[in-house]
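Novice: Sequence order for the protein chains is Z and R.
Be aware that the first sequence starts at 1, since it is given in our numbering, and climbs by one per residue.
Be aware that the second sequence starts at 1, since it is given in our numbering, and climbs by one per residue.
Any given hint might turn out to be false.
Identical copies look the same in the list; a pair holds intra-copy or inter-copy alike.
Here are the simulated SDA-like cross-link-like pairs (lysine to any residue), alpha carbons at most 25 Å apart as the crow flies [to be verified]: (1) K67 / T124; (2) K268 / A95; (3) K163 / V150; (4) K163 / L183; (5) K67 / L183; (6) K268 / A287; (7) K67 / L35.
The hints are simulated quantities; they were obtained by calculation from the structure and are not laboratory data.
The structure displayed is predicted, hence computed values, not measured ones.
2 protein chains.
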Amino acid sequence: MNDDTQNEGDKPRSATIVDVAKRANVAIGTVSRYLNGFPIRRANREQIEEAIQALRFRRNATAVAMKTDVTHVVGLLAPSFDEFHGAMLEHLSRALRRDGRALLIYCHGGDTRLMEDGMDYFSTQRIDALVMSGEDHLFDRVDQLIDAGVPLVLYDNDIAGLKADRVFVNNREASMHAVRHLLDIGHRRVGLVSGDLEDSAAHGRYLGYCDALEERGIAVDPRYVESGHWTILGGNDATRRLMSLPQPPTAVFSANYVMALGALRCFKDARVRMPEDVSLISFDDAALFGLYEPGITVVAQPINGVAQSIADVLERRLRSERSMPFSSTNLRCEVILRGSTRPV
Amino acid sequence: MNDDTQNEGDKPRSATIVDVAKRANVAIGTVSRYLNGFPIRRANREQIEEAIQALRFRRNATAVAMKTDVTHVVGLLAPSFDEFHGAMLEHLSRALRRDGRALLIYCHGGDTRLMEDGMDYFSTQRIDALVMSGEDHLFDRVDQLIDAGVPLVLYDNDIAGLKADRVFVNNREASMHAVRHLLDIGHRRVGLVSGDLEDSAAHGRYLGYCDALEERGIAVDPRYVESGHWTILGGNDATRRLMSLPQPPTAVFSANYVMALGALRCFKDARVRMPEDVSLISFDDAALFGLYEPGITVVAQPINGVAQSIADVLERRLRSERSMPFSSTNLRCEVILRGSTRPV
DNA sequence: TTGTATGCGTTATCAC
DNA sequence: GTGATAACGCATACAA
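Please take these sequences and the hints and turn them into a complete structure.
Specialist: So, in structure tokens, the structure goes:
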């Protein structure tokens, strides 16, 4: 009866609860109950534990998922894993892990086809929930997924009208503070390197920019608003257009850190000195922004807070009532003053 | 018989192949064969396709995994998702997706307990393979996973003695080139901010450093080698120790970009000018390194190449013989000269 | 080709 | 508490 010989090279069959039950001389149901923390007669418990050890038994998560329809896996759909989304992922991964969940990731790189493929993938993969940075034209697909019973948490960028939990930052207020700071130190011509304005995040940051200007009685001049489409190249182009205006801005506000990289590149190429010739403030803090000479003033997002909030709302929705009302969390960003902004 | 009413708020039961078969008036086996691309009578195919559309049927990946013992999910165990590992993750995610696989991630942050928990998690989760940046004291756990039939791919850092595929970069040669460059421009006292020397990556980079010095007849002085333990704070400390030597180095080589951040911070705090007072060269290229004033000379890893190689070797091993001999890939890094290194 | 039946490893529902 | 046994959704061997 010695069955220890595994097929060399091939995938060995690992022990199941049936094997454990046999070896422990108990019923399979008893083993299951042990595994799920239900009360067990002491003698049986010891037998079972011995068997589990000896057989190196590990519960097959796939089978559990199939029975219970719960995978403990959460999907994450993100455009990239740059410093911002990477940090986000890292914190979220850790926070979810504390609740016994893990992240299945899909990275679409802004490519529409890939996004759709990603949604497709997630709808067959039976995830417990989906976390994503919203993309407007995915509305229908996401909506279907929700209909199929998969809870959704939106972060970073909204998709209006979806039955979902939301965790965002106060884009509008934070941007207003940022621009207000520039106005406070005397700037009057402030350029905005914006994200795609259809994106709620870009829109919010744009509105905050407007708020600050209007508050000081400065009319919003559309020529000073250029979209950098969230990318480094786009940010570079946008900044260049801004700086070649007849009256170039004396300060630039970039709606994310990637585009700020493009702006820095532009300043460098055009030999525009910062902060002597132009001030810069950017959304998102990056590791090097504090080290860069001069340090770059930023609006720092509470990335860990966002991650934890996502994990929290997920835990509540998944653990308790799935029908609880949808929540909308709004976290505060912090303006960190550094050397890149100075009075005109 | 109208069963379209879903339990409001609760998880709706989604259509199975049984439902599809019923509606299409074919046997369940036929549907399965259709799904798996086997030949099907035309009339049946049309019926089935209609049913799938109407029922919004999506194949249940969990059930498939249970039957076939293949999940199409690959585990990734990484210390963090900073710029390096984030980029790695992004490329790997995309490369794997092309072969129909996705990544289940676990981030341990260098915490031993979390690493072990991660291994635990992956051994119940029935992943098709595990990709990881090696951690020496995980040898036993990883070995068990391999015994359980899970192929392993090591990248970034090795664990010696494991039956695994390996995808690394030429740490030793690349480091030699980097240090050689410093010597070429006249430096004689070159400091090394090293990673933990037990790590193969750190060791390789250290050896390359030694190679270059010895090649020029310069003895390796242990006082010029300080470990920064891969972290920003560690790198900062290490650099500080280096710079407070009676004869401080005129050039510093940092074994990764995170510690280079610490070095930069040190220079900044100590008002050591770069490159006037000290030259710096770092392993890994970071987005801001090219923009930083002066640009930072780096040894750039072919991150995309690493990711693609991992995907390739995985595809081969998973698709064809699981028993194929283990491969070891070694990719070339590229030294990118920028302003942070200059002749003494 | 197609239909039928069995099993993958668990959980859950019964009687006992 | 425990032991049988029926699912879960799918793939597959086998007979038709």
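Novice: A separate judgement is required for each hint: does it hold in the structure or not?
Specialist: Structure-based check of each hint:
no., hint, verdict
1, K67 / T124, "both (16 Å within a copy, 15 Å between copies)"
2, K268 / A95, "neither (39 Å within a copy, 34 Å between copies)"
3, K163 / V150, "within (11 Å within a copy, 39 Å between copies)"
4, K163 / L183, "neither (39 Å within a copy, 62 Å between copies)"
5, K67 / L183, "neither (61 Å within a copy, 64 Å between copies)"
6, K268 / A287, "both (19 Å within a copy, 15 Å between copies)"
7, K67 / L35, "both (15 Å within a copy, 22 Å between copies)"
Violation of the numbered hints given earlier is confined to hints 2, 4 and 5; the remaining hints are satisfied by the structure.
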